[in-house]
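Join these two chains into a complex; the hints should help.
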Amino acid sequence: MSERFTIKLDGRSCRAAPGETVLDVAGREGVSIPTLCHDPRLEPAGACRTCLVEVAGERRMQPACAFRVRPGMDVTTASERIDRHRKVLYGLYMADHRLDDAGLPEENGSANMLREQAARNGALALPPVNASRTGRPADTNPYIRFDPELCILCARCTRYCDEVEAVSAITLTERGASTTIGTIGNAGLLDTSCELCGGCIDTCPTGAMTEKKSYGIPHAELEAVRSTCNFCGVGCQVDLNIHAGRVVKVASPPPGETVNDGNLCVKGRFAYDFIHHEERLQVPMVRGRDGELHRASWEVAIRRAADGLLAVRAKHGADALGFVSSSRCTGEENYLMQKLSRAAFGTNNCHQCAAT
Amino acid sequence: MNEFMDKAGAHREEILERLEAEGGVTPETVRKIALATGVPEADVWGAGKFYSLIREPGRRVRVCTGLSCRVAGAAGRIEDLERAGESREEVSCIGQCDRAPAALDPELELIPGDGTRSAVLPDDTALPVNLGGADTDGYAALSKAREAGPEAVLDEIETSGLQGRGGAGFPAHVKWRAVREQAGSERYLVCNADEGEPGTFKDREIMERRPHLLLEGLAVAAATVGASEIIIYIRGEFRDARRSLETALKEAGDHLKQFNVRFANGHGAYICGEETALLESLEGKRGMPRLKPPFPTENGFRGKPTLIHNVETAACVPFIVHHGGQHFRDLGRTGAGTKLYCVSGHVTRPGVYELPLGITLDELVKTAGGYVGSPMAFSPGGASSGFLPMSLRSLPLDFPSLDKEGSMLGSAGVVVLNDTVDLVQAAGWQTRFFDDESCGQCAPCRIGARFLRNACGRFLADGDPEALLHVDDVGWEMEEGSICGLGMVAAKPLTSAMKHFPDAFRRRR
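As you go down the protein sequences, you meet chains A and B in turn. Its first residue numbered 276, the first sequence is counted upward by one per residue in our numbering. Its first residue numbered 529, the second sequence is counted upward by one per residue in our numbering.
Chain B extracted, bound-state conformation (with noise of 0.2 Å):
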């Protein structure tokens, strides 16, 4: 045992999962939990009062309010419930934008909507991913790369350059190296099924659809990189998603025998999608990101190297043992491989499209069904892309191409906002996301992101401009100064609104 935990107590893990079965945080839980697993009380209290989902106890409805339900019409939901006296509460957005405008119960079931089934491409064995395939429990992948060995799955992993999708893009081996050349033999795999940007809901698909792919890729990253635990950090609102994964997991018997995979349930918090946050709370801690460096290849769970992937770059990578990492890379357009893009909002069939990296924003849509009405604005990559206009619509949505445009890829959730919506009002939303989200430690996001729903409020309520003075200072300080990456771009929608619809902040009264 680490000297990080024995200072934290060595069951300090286990207190997140323990306040949940005691139904939330109350002093009497807290101390009932401090007793079993020796952390100290204000530990517990402190780290359960961080998580949406256990920090108040009580039953009730929680209602989406990312954009893609906003748009659909959240607000008429809420009112809805508020005229039945239900017990309700509005919440970030949960994962279901092609569902829009979604709801959990008291017991984070999803509560059926129109069209529950998310729109996918037809069955497609070319498609590394291939969302409409059946999920085969057959291993192969795995038992080829036993055979290659390590340094020839490694090159094919490089060759195929996979980059991971889970925001960043950062090259997949030049993680899987740094971690397989730490000394010491005690290494963790995790992967990171926290999915909670907004507007994307493509690992959902994969975990709902294709369990045993994501489970085999996860096996043959962690056999070459030798972790021989795979630990799955699941966003706490996926009930089916982590159902389907025990499943196949116990469908998949003797071929993952060799490791220790386990689950942990997120607990409301979309911070602990960034890799460090996620780490600590696995920890049983606050979701507060870790300073880099050191990287968690370095220095992980457990202070441990750690390999932390995102669902859809473990799901590639079974494709790439098969057809090796040319093939792959040559899938894609101006970027290597497929991407599954995620497209709600105002397009005829919001879901989760396996599309060559690089695609346009027409091309998406067209997949999708079409543009409904007339498209006004978009957002390439959730929240944290902020807003683009039309004009952009052929740019490819990629890596490289948006970070030129001050935007990003990211999780390639796409929204699309035709003329119906006011931009203040959807960068309004935006601003409150990251405000709720803040985890509250660094003062430039804690308090600059504040800073701008406020100023966004102000401008909503009288027209005057003068509100948004000082954005764009506050906007760079974020961008400069933050700890993290939410951070960084939590003023994007409100800096990326202002910059490309001016005309939308004038003066309005």
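Next comes chain A alone, as it looks inside the complex (with noise of 0.2 Å):
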């Protein structure tokens, strides 16, 4: 099963294994065949059309990132033929979406995949098939905001919630034209089994899903900075997303490049608004006779927090201490709250908030 064999791309001979798809050996050739309704962490749909090339001996063209590699196979990915459908391609999916000015798909802060592909390739201008398909305008939800005329339908919202998240709060809706993104009776998300942990946000190839709270922030403005997580121990990687000097949106780094995979929860990507809180701690502080906090160096605040809980233990004893962890801390830094429960004053009194 696991013998490797060779297939030919633009007639070039390249090694691949069985079960690979078209697109994961000219992924790894450096071959580009643009895609957008393709996410390697769902099941390839095939739905978008994008990535069709040519397969010798079959008389359709196929979907790349659907279609698995066989011994000897011959794929064209650049042809007439394809070329000619991507243009016809583009300028229906552009016939059925909200252009700017320039007559290109809108962006409204997100990147547009669709934009891109089309500027770089090419697109037929066709008029206006105004399909109206419904949103959610009345969707209170503080997170996540759903714009109908951005979406194309490839359906990788749908089924990142279903297929990775395994939350199914929102779905494919009515039929042909007028098929949409839906929830049960168009409700909002807050009245769903949606934990808004934003993957469709991310998922999106076109901003249709785009965070509320930074909608219309051009993406080219904004500075990502890789950083960790700190709301659990996981260590999930996070790209704070930098604008005018703070951080507007939270991302998560593409599939395949970090231990979350492309994944975050709500805390991670939408619970950034301490950063810039004003009542956010940043110095140690000890509250001092005045009855007031006060800038004080981590020694002082150290000594002052430790003379306190010795000065309990000797009047009451050890166990009259508990020692309560941060569901935010790591295993290690449990490991050392116990430590110091134990170890250094004695008790076996100590907890932490996420156990139950």
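Honestly, the hints are just simulated from the structure, not real lab data. Mixed in with the good hints there might be a few duds.
Quick look at which bits of chain B chain A covers, simulated, 3 or more residues with Cβ under 8 Å [to be verified]: (1) 565-572; (2) 660-673; (3) 698-712; (4) 952-958; (5) 974-982.
Since we're looking at a predicted model, the values are computed, not measured. Even glycine gets a Cβ: it sits at the ideal position worked out from N, Cα and C.
Here it is, written out as structure tokens:
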């Protein structure tokens, strides 16, 4: 089964393994095939049709994202036929998409892959088809915005919600030109099983799913700074998106690069308001005799805490103390906390807030 | 239980039937079903909203707007209902083209119009399907097939040259062998009785007149490929046909006891006549076609090898078993066997006529009592086959001859139009049909069909051929880029009309 073999890609011999798709091999070989509905975390859908290639012996063009390689297969990724196909296809997408003044797919802040691909490849100019798709303008959830006029129905969001998150809060609904992304009874996301992980935003190729808080800030003006989410000990990597010196959005690094494989939870993706919050503690503080908090050095602050804990132990015994660590701590930090509790102060009264 | 079923929830297959029983999709019915089945609410909602018979609750008359019904005055029927203040819905072809203009009452029962009895040929035992004959329940062909064994049956099917009668004309024996040769004993036989191609109503007649013949054909196929479960996916609007089959199944008794035969209702989606969309529907999902490969023979219902046959294909099987493959093959003229040709529109006796595969339009219409008025155009195989001019009236109505003309035999739903019809209007109706019935999964079909509908509408409104600019490009892309056969042919009505009737598309004002 695992015997490797060769296939031909644009006339070149390439190594391939059973189970791989044409897109897998092309990616490895540096052959660029445009895709819109492809996300490596999801089962291939072959629905957007941008990645169609010619396979010798197949009458119809086949989706590179889903078509499995076979020994000796001969694949062509660039031809007159493929070029015409893409031009008309992009033209159709654009006839069903909100365009900007330049006549290109609009960007609402988020990157729009359709815009980039259509501009690069060229597209047939067609009149708008005026296929009305319903959105959920009354959805009051604080984070996720759906703009049906920028939706290309690639279903990455619904498939992500199902296949990766196993939440299935959103679905393809209606049929034909009216097909849209919906919820039961067109309810707001807060009234569904949605966990507000925002993975739909992350996987959306066109900006139809966007973050409400950072809506409209052009992606080109954002600077990404890689960091580690500190909401729990998993160590998810995040890209803090900085605009004018402030974090305005948190994105997940692309799938396959980091431990979280492009995923984040509601806290990691949306709970970043504390970063610039005016009440955020940024330096150690100790309470003075005047009852107010005063800035102090770490040495002074730690000494003050230690003195207080030791005084309680001296007066009431070690079991009068209890140590609770935070769910934001790592395993190592939790270990140190219980060490402090048991070895330094001599009590088993230690707990972690996420334990039940 | 396979991985797929776990993920979908074991009760997923029930949700569409449950929605039907609850009277349609509402947040309340969806919540109730989600609770009972464990299927996520959004999935129940999204699946239900796909199907026109369940997506909106409420009682209403459904008026057919298929080509034959339009030609026969569907508009008048709609106006009458409007005047009477009756709740109504204009729906895609309901497969009653021989009874045009047709409508269904709120219980989906056919509202009798004039001449509700379809015309067929008189009893003739030389005909394989023989719609006019007595439908006996002896199941002699099944006994004979059992005695002969699967290999012998397969050889006869191969010799017969039987091609799928659903539209694609794929050789039956290739599918049978493909399923039989699969590893693993869990295999299914699915009968595609979701007849929905506008102009086609032959499967309906088989089910109503020869239910035992169909069940026997299915049983022979199931026994041959090693399937124990037979699922008949039957168009939701075909209440009479389902009752007929249910009665026959009871009568068949012990003859079919080795099989688990069950019915599944369609819920109003033409696309579910496409075999992989049908499978999705059977699994309780939106009827969106799957990518092929893999084909259902390998990865079908529940991911298992599945033989899917059209009603007519299965109904040919008992004759082949009785009389041998060669005999069946010799009944055809340019292709193998006989074919049930449906004919409607401007002919004297619309009906279903079993004739040698490869007869011409003139011969067919002669059987149907002749043309009404002066014929101008015809569709040889439903909406999907587009329109052909009368200059091609002597073309054999078979698979390859029509392919060569850029048309298709398809389901052999022949519609004849005389010169009282505005062909642009007719093309517009067909184009609208495909737009209404596109599943919406892939852009070439979803957006392309809407583009064509708009283009046709604009030309009809202002008579300026500018509206038709790029129809060829879009039609080409729909054929090349769509996932399934619906998208591939959805431009045919308009592009074929423009090709063969250029005068109709010149500037009108």
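Tested hints:
Beta-carbon proximity to chain A at under 8 Å applies to 5 residues in the region 565-572 of chain B; the threshold of 3 is reached and the given coverage holds. Three residues within the 8 Å Cβ limit are the bar, and the region 660-673 of chain B against chain A gives 0, so the coverage statement is violated. Counting residues of the region 698-712 of chain B whose beta carbon lies closer than 8 Å to any beta carbon of chain A gives 0, which falls below the threshold of three, so the coverage claim is violated. Restraint check on the region 952-958 of chain B versus chain A: 0 residues with Cβ-Cβ distances below 8 Å, three needed, restraint violated.
For the region 974-982 of chain B, the stated coverage by chain A is satisfied: 7 residues place a CB nearer than 8 Å to a CB of that chain, which reaches the threshold of 3.
Violated hints, listed in ascending order, are 2, 3, 4; each of the other numbered hints is respected by the structure.
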